[in-house]
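Novice: Listed below are the residues making up each chain.
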Amino acid sequence: MKYLTEFHDPALARRLLDTIAATARRRWTVMEVCGGQTHAIIRHGLDQFLADQVEFIHGPGCPVCVTPLEMIDRALAIAARPEVIFCSFGDMLRVPGSETDLFSVRARGGDVRVVYSPLDAVRIAENNRDRQVVFFAVGFETTAPAAAMAAVTARRRWLTNFSMLVSHVLVPPAMEAVLAAPDNRVAAFLAAGHVCTVMGTEQYEPLVATFRTPVVVTGFEPLDVLEGVRHAVEQLESGRAELANAYPRAVRPEGNPAARMILADVFTVCDRAWRGIGTIPRSGWRLSPAWADLDAETRFDVADVRVAEPAACHSGEVLRGLLRPPDCPAFGTACTPRRPLGATMVSAEGACAAYFQYRRLAPAGPSTPAVDRD
Amino acid sequence: MCLGIPGRITKIWDDRGTRMATVDFGGVTRTACLAYLPGATIGNYTIIHAGFALTVVDEAAAHRTLATFRELGLLDDELGARQPADGVGR
Ligand code: SF4
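Chains as they are written, first to last, in the working numbering: chain A, 1 to 374; chain B, 375 to 464.
Since the hints were derived computationally from the structure, they do not count as laboratory data. Just so it is clear, CB atoms sit at the ideal spot from N, CA and C, and this is done for glycine as well. One should not assume that every hint holds.
Take a look, some chain A residues computed to stay more than 10 Å from chain B by CB distance [unchecked claim]: (1) H8; (2) A40; (3) D120; (4) M149; (5) A187; (6) E221; (7) P222; (8) R252; (9) D265; (10) V307.
Partial list, derived from the structure: chain A residues whose beta carbon lies under 7 Å from chain B [stated by the list, open to error]: (11) G36; (12) Y116; (13) S117; (14) L119; (15) T143; (16) H194; (17) T197; (18) V198; (19) N245; (20) P248; (21) A250; (22) P253; (23) N256; (24) A258; (25) R260; (26) A264.
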């Protein structure tokens, strides 16, 4: 049971809900791209408040979830080497590879360290010149600037023992893949606001024009999500498809020019496999030729580690909005955050974890709105 | 790791040519790099991603976002605080 009083500004929430209800003449399918938005929706029951107006389908915007299995296996192979200090964001430690995870590699004596910033990994390399220090560079356009600056800093300090295992992914190509799929149901997107703080908004123009689909740049707080939905529904009802910015307090159209300049130097666009989804053309960044000497895949010869995804986990369907997490046969039984089968259950931003945390006790099947309309 | 968290710049210094800052996230502080926000000054609220300031926001918005992080239980994740302790990066 969810209550309006749980919102930070209940009156504004009420107004937004009423406006959406008055505008929508049918139920629209809207995909929120960012895992933080998914959490806000499930935690605050926005899907229940808007049960008659909007079907939310949860997008691929969780970097931990989409990092491909073979990349995890490459990380595990490198981290197990005795000469290596392997540095990673904490979220990646419990992500299952084919056989084990980074956490277990560490328990068996591997030197795996959690860092908050990639610059911490550079500092570790400076302080351990006799060891090889590898940073696991994962994430969307939001974390890539940090990784790029780590590369720049390592070179500026003449470090020869620093390298990066790069698995960066890009949001717009994934949105395009969703829209281009024959089974696509998405009528409008809530784009991930923080990705746009870096990259700006213009990269969505072609998507809007080609697929005639509204894209609303949206924050991840509950009221932001409602504001994004209001924009989307209004466009859909009037037959328009436009790029709108419902998160202007953080997003400027040009993004962050300094970050974009360094990103364009250090990284180059490449095809990238997405866990559970498959390869999406031009959907990732790898080190550009000028920075290839920092590539851990070649330094440790793991580039040809290739593995198939396990069949038990349906996260690919979850990430494309084709399956609700509670409808996965393993949800809450064979698969829990303590013993996850898929990355969408591990990550704090994963859709399966969101449902497990907030909806585990709710009856299965289409959720009946249990809401107080005051 | 991905969401980015707003905090207030309380101190700025130079680390071998790179502008660094201390950022206060409602009581918890972290070091952040200002290379991508050359205009940022002490007192600015900024959103930090993986130790880098990427955008300036106003104070009210920052406080609201921090409150949301707490509610959603994502604050520790973003600050890298909930991870198995090893003393690095904090
Ligand atoms: S509940 Fe577990 S097994 Fe099912 S899709 Fe989610 S992560 Fe995969």
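Novice: Hint by hint, note whether the structure agrees.
Specialist: We went through each hint and held it up to the structure:
1. The claim that H8 of chain A is not at the interface with chain B is violated, since a C-beta of that chain comes within 10 Å of its own (minimum 6 Å).
2. The claim that A40 of chain A is not at the interface with chain B is violated, since a C-beta of that chain comes within 10 Å of its own (minimum 7 Å).
3. Distance to chain B contradicts D120 of chain A as a non-interface residue, since its nearest Cβ pair spans about 4 Å, not more than 10 Å.
4. Non-interface status of M149 of chain A relative to chain B is broken: a Cβ of that chain comes within 10 Å, the nearest being about 6 Å off.
5. For A187 of chain A, the shortest C-beta to C-beta distance to chain B comes to about 25 Å, beyond the 10 Å cut-off, and the non-interface label holds.
6. Look at E221 of chain A: its CB is around 4 Å from the nearest CB on chain B, not clear of 10 Å, so calling it non-interface is violated.
7. A cut-off of 10 Å between C-beta atoms contradicts the statement that P222 of chain A is not in contact with chain B; the least separation is 7 Å.
8. For R252 of chain A, the condition that its CB be more than 10 Å from all CB atoms of chain B is violated, with the nearest at approximately 8 Å.
9. For D265 of chain A, the non-interface assignment is confirmed: its Cβ lies about 13 Å from the closest Cβ of chain B, beyond the 10 Å cut-off.
10. Every C-beta of chain B lies more than 10 Å from that of V307 of chain A, the closest at about 24 Å, which supports listing it as non-interface.
11. The beta carbon of G36 of chain A comes within 5 Å of a beta carbon in chain B, closer than 7 Å, and the hint placing it at the interface holds.
12. Residue-level restraint check for Y116 of chain A holds (minimum Cβ-Cβ distance to chain B is 4 Å; threshold 7 Å).
13. Residue-level restraint check for S117 of chain A holds (minimum Cβ-Cβ distance to chain B is 2 Å; threshold 7 Å).
14. Here the hint on L119 of chain A is kept, as its CB sits about 6 Å from the closest CB of chain B, short of 7 Å.
15. A hinted interface residue such as T143 of chain A counts as satisfied when its beta carbon comes closer than 7 Å to some beta carbon of chain B; here the least separation is about 5 Å, so the hint holds.
16. With its C-beta approaching chain B no nearer than about 5 Å, H194 of chain A sits inside the 7 Å limit, and its interface hint holds.
17. With a least beta-carbon distance of about 4 Å to chain B, the hint placing T197 of chain A at the interface is held under the 7 Å criterion.
18. Checking V198 of chain A against chain B: minimum C-beta separation of about 6 Å stays under 7 Å; hint holds.
19. For N245 of chain A, the shortest C-beta to C-beta distance to chain B is roughly 13 Å, which exceeds 7 Å, and the interface hint is violated.
20. For the restraint placing P248 of chain A at the interface with chain B, the shortest Cβ-Cβ distance is roughly 10 Å, beyond the 7 Å limit, so the hint is violated.
21. Below 7 Å, beta-carbon pairs count as interface contacts, and A250 of chain A has one with chain B at about 5 Å; its hint therefore holds.
22. Proximity of P253 of chain A to chain B is violated relative to the hint, the smallest CB-CB distance being about 13 Å (cut-off 7 Å).
23. Taking 7 Å as the C-beta cut-off, the interface hint given for N256 of chain A holds, the closest approach to chain B being about 5 Å.
24. About 5 Å separates the beta-carbon of A258 of chain A from the nearest beta-carbon of chain B, less than 7 Å, and the hint is met.
25. Because the smallest distance between the Cβ of R260 of chain A and any Cβ of chain B comes to about 9 Å, over 7 Å, the interface hint for this residue is violated.
26. Nearest Cβ of chain B to the Cβ of A264 of chain A: about 13 Å, over the 7 Å cut. The hint is violated.
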